[in-house]
Structure formats: C-alpha cells, structure tokens
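Asker: These are the residues of each chain, in order.
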Amino acid sequence: MGVIQFKDVGKIFGPKTTGFKALQDINLEIRDKEFVAIVGPSGCGKTTCLRMVAGFENPTSGEVLVDGTPIKRPGPNRAVVFQQFALFPWKTVYDNIDMGLRNLNIARREREERIADILNLMNLTQYAGHFPHQLSGGMQQRVAIARAYVLDPDVLLMDEPFGALDAQTRVVMQEELVRLARKNPRTVLFITHAVEEAVYLADRVAIMTRAPGRIKEVLDVASIRNAENWDSHEKIEDVMDLESFVHLRTHIWRSLREEKAAQHV
Amino acid sequence: MNKQITFAHSIGLGILGLICFIGLWQGLASSDIVPSVFLPSPLEVYDRFTTLLERRFAGATLPGHLAASFQRFAYGFILAALIGIPLGLLMGWYQVLDEIVSPLFDALRFVAPIAWVPFAALWFGTGIGGPIMIIFAGAFPPCVINAYRGAKFVDPRLIEAANMLGTPSHRVIREVLLPSSVPSIISGLRVSAGLGWQSLVGAELIVASAGVGYMMVQGQANVSTTTVMAGMVAIGLVGLALDSALRLIERIIQRRRGLGQ
Numbered sequence: 001m002g003v004i005q006f007k008d009v010g011k012i013f014g015p016k017t018t019g020f021k022a023l024q025d026i027n028l029e030i031r032d033k034e035f036v037a038i039v040g041p042s043g044c045g046k047t048t049c050l051r052m053v054a055g056f057e058n059p060t061s062g063e064v065l066v067d068g069t070p071i072k073r074p075g076p077n078r079a080v081v082f083q084q085f086a087l088f089p090w091k092t093v094y095d096n097i098d099m100g101l102r103n104l105n106i107a108r109r110e111r112e113e114r115i116a117d118i119l120n121l122m123n124l125t126q127y128a129g130h131f132p133h134q135l136s137g138g139m140q141q142r143v144a145i146a147r148a149y150v151l152d153p154d155v156l157l158m159d160e161p162f163g164a165l166d167a168q169t170r171v172v173m174q175e176e177l178v179r180l181a182r183k184n185p186r187t188v189l190f191i192t193h194a195v196e197e198a199v200y201l202a203d204r205v206a207i208m209t210r211a212p213g214r215i216k217e218v219l220d221v222a223s224i225r226n227a228e229n230w231d232s233h234e235k236i237e238d239v240m241d242l243e244s245f246v247h248l249r250t251h252i253w254r255s256l257r258e259e260k261a262a263q264h265v
Numbered sequence: 001m002n003k004q005i006t007f008a009h010s011i012g013l014g015i016l017g018l019i020c021f022i023g024l025w026q027g028l029a030s031s032d033i034v035p036s037v038f039l040p041s042p043l044e045v046y047d048r049f050t051t052l053l054e055r056r057f058a059g060a061t062l063p064g065h066l067a068a069s070f071q072r073f074a075y076g077f078i079l080a081a082l083i084g085i086p087l088g089l090l091m092g093w094y095q096v097l098d099e100i101v102s103p104l105f106d107a108l109r110f111v112a113p114i115a116w117v118p119f120a121a122l123w124f125g126t127g128i129g130g131p132i133m134i135i136f137a138g139a140f141p142p143c144v145i146n147a148y149r150g151a152k153f154v155d156p157r158l159i160e161a162a163n164m165l166g167t168p169s170h171r172v173i174r175e176v177l178l179p180s181s182v183p184s185i186i187s188g189l190r191v192s193a194g195l196g197w198q199s200l201v202g203a204e205l206i207v208a209s210a211g212v213g214y215m216m217v218q219g220q221a222n223v224s225t226t227t228v229m230a231g232m233v234a235i236g237l238v239g240l241a242l243d244s245a246l247r248l249i250e251r252i253i254q255r256r257r258g259l260g261q
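Quick note, the sequences are listed as chains A and B, same order.
Position 163 of the first sequence, counting from 1, maps to 163 under the working numbering, and the rest follow consecutively.
Position 144 of the second sequence, counting from 1, maps to 144 under the working numbering, and the rest follow consecutively.
It is worth saying that the hints were derived from the structure and are not from the lab.
The calculated DSSO-like cross-link candidates involving lysine-lysine, where the alpha carbons are at most 27 angstroms apart (straight line), are:
hint, chain 1, residue 1, chain 2, residue 2
1, A, Lys72, B, Lys152
2, A, Lys91, B, Lys152
3, A, Lys7, A, Lys21
4, A, Lys33, A, Lys72
With the sequences and hints as input, model every part of the structure.
Answerer: Quick look at the structure:
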C-alpha cells in the first residue's frame, strides 16, 4: 500500500506568529499506485510538501499520513530522489544502491539479486563499479532512482529529479521513468516546475498558488490520457503534439501565470 | 595567481629561498658582529650535525635520539588521533555532546602543552608517560576540531539521503560523516603532527635518558651551541618529512576517491 494524505496541512518557518507562512490548508489524497505531480511558482512550498511526506519536516498544523499513519521521521518505505542526486561520492554505484538494502535485514544473496535486477532495469550493469563522479548527470540520477526503487518503497518521492539535467537527457529520463512506472507501479509524488513534464508523467496534476501555498486545482490527466490513447505514442514529442496534451498544458500555464501576475501586484 | 607555477619551478624557488637564508646566515656569522658561540655558522652546524650522526653525545647518536623522540611522538600523536577524531565526529553528530564538551574543550585548548610539564613530571616521573602526555596535549585539539568541523559541514542532503534509506546512526557516522570529513581530518592531522612534534622539546626537558630535546638541553649545559642548532635542524627536517608524508597520504586518499587530481 501507499496512500498519502495531507489533512489541513499548514507550515510556518520560524516563530508561529511572525514566521514565514509557507503552506496553508493543504488537502490532498494520493491513491495507492497513483502518480501525482505538484506544479507551482517557485517558493510556493511544493518541495516542502514532499519533505513532509519524507519526514524531513513536520507540519506546523494538520497532519501528513502515509497509509493512515502520521509521519514522524524519514524511513525506507518513503524513498526520495533528490534534484542534486545526493549519491555518496565515496561509494561505488553498487554500494550506493546497497546502502539502503543493508538496513532492511535482507540476506546477502537476495540483496545481490535485487541489485542485479535494478541495475539491469536501469541499464547500469556495466557501471556497477564506477564512482558517481565518473558518470554523467543523467547516469547519476539513474543511480539515485535505482537506489530508491530497489527498496521496494510504498511511496516514491521525486523532488525536481530532472531539474539539473540538460534538455535531451531530461527527455530520455522522462521516457524511462514512464517505462519504469508502468512496469513497476508505485505511488509517486513528483515535484516539478516544468508543466510539460507534469502532464506527460502524472495521473493527476496539482497546481499550487504562490506563498502561502495552497492547492488551487487538481487536474485529472489520466482520464484524458486514456480517452485520447496517449500511450499508443512511443515518443514524448508525439504525445506533446496531441491537441488534448496542448490543451491541458495551456490550461496549467494560464493558471500558473495568474499566480505570477498576482505576485507582482 | 594568474600564472600556473610548475612543480619544478616551485622546487627551484624553494631551494632559492633556502640558499638566500643560508647565505645571509653565513655572512652574519663570519662577519665578527656576533661571536661564533652566540651564532655558529651554517658550516659549523653542518659539521656538528654530521659528527652527531655517528658520534654519541649525551648517551646516543643523533639518529638514536631521533628514534627515541619519534617513538614518544608517535605514541602521543596516535593516541590523540584515536581519541580526538571519534570525539570530534560524535560532537558533530550529537548536539548534546557538543554542548557538554565544547566549553570545556575550548578553554583547555588555550593552555600551552608546555604548561603541563610540572604535572607530567609529577604524575609520570621520568617514564614515557610524561612526554606522551605533553605531545598529546599539543596534538589532541586539532584532531578534535577538524573532525568536528568535517562532521558539521557534511552536505546535509547526504545526511537526508542516509536517513531516508533508514540508516542507523552508527552507520551514518562511519559511512557518511567519516568519509566526508576525511579532507578536514587529514589537514587536522597535519596541524596536529606539527604541534605535537613542536611540543617535543618541552616534553623532553623532563626526560633524563634520550631524545632530541634532551640532547639539546645537554648541548646547552655544555655551551655547545652547534649541538643545539644541529638539534633544531634535525627537528625541522623530521617535521618537514612528517608533513610531506601526511600530505602524500592526503593526496592518495583524494585520488582514490576520484576527487582532486
């Protein structure tokens, strides 16, 4: 299982009365195996939402629950993929992926098998003995995704995972993530400021307002994707050309632009 | 610096500096301004140095004294590293320990190692414990401070990554904090070796048998300024070798981790 619930969540950084109000009245339920992307203007608190599910931050008010349990601290059932990869530079690709598995009290044999599988799935087998700095950004992020996926987590939390990659690599990684998510579905909370990425990847897209961040609207992409049969197109650019895709993207753009405009008033 | 200085260049410049220094020294010593007992010339010191390499003075040859000193130094230094590095890392990880230890430690580290001499003599007599304690007093603070600093400045994202992977504290300390602090720890060890080796002469004031410091004290008693200077040269050379060795280790570790060049 992997149900994420935000219940009346608020977050204030600093003192309660004078601090920075980052989030307000966040209510969102992410179903098991659902892929939800949060988009919003920078500084709207979308990353804070993810960090609360991860257990890195606690809500000032309200509750964040995973499978009905309030989150207190980080744990391997909620694996995180960071924008800056956060691989351990002194560990090889193999040992980076093994780091979390070793905490799960799994027999060595099974660990080896699971790592071999994920390396294979992510096309990393030949790089098992490499150190992160010997790999390109895209490859490093593959390792980070493998490190998260290998734990078989209930929830996968991705914080602008492709934000640090160049445009071409980004497209490849987006296609791979779709492939991975189809093969091995997980509950995914995906933070991004790239609208196209959100529409291409997610079942639902939540749009946030500027700070204090609230959820402005939640769009059901999955029903349109299925109705218009997006998945029959293999390439990302073909999907992005579809009228239904363009329509959704433009809608989100408009919505975000209103927020931007409001910021300058 | 806008121009890259090559390795050969830097060696050459180093030698140039040394030659200028020795030239000035020789000039001053042979110029009758100061009597030679006050300032022995480089040649006299060199003579004395080579003699001491083979002839016993104060019970041992210079290499013999050096070996005795180095052994004490090694004990004190290793003890400082073995206690100081883990303590520094733990202080960097556990806030409470930091709060408890830091004020005490910050006050104690300003007490010069030499100040411990009376107590070293009182507690250990002329045994090996006294000098080790004084070298330890010199070498300990940089070990703690740099391990602490290394642990404090570890990339917080790596700590978060380790936490989300469910890593227990003892493994975070060993597998994230420690490796991430290696550069800081090694530069701490370099400072620490320097201070420990410096404290040696003071430490050996209370040792009656052997050691470079002891040899120099005996040289002073015999008004053999050349012996004192030969001791200074030996201390400088060993210190330089020690620092080069630690720098080499630093570079090897960096290279093995693929950082630096």
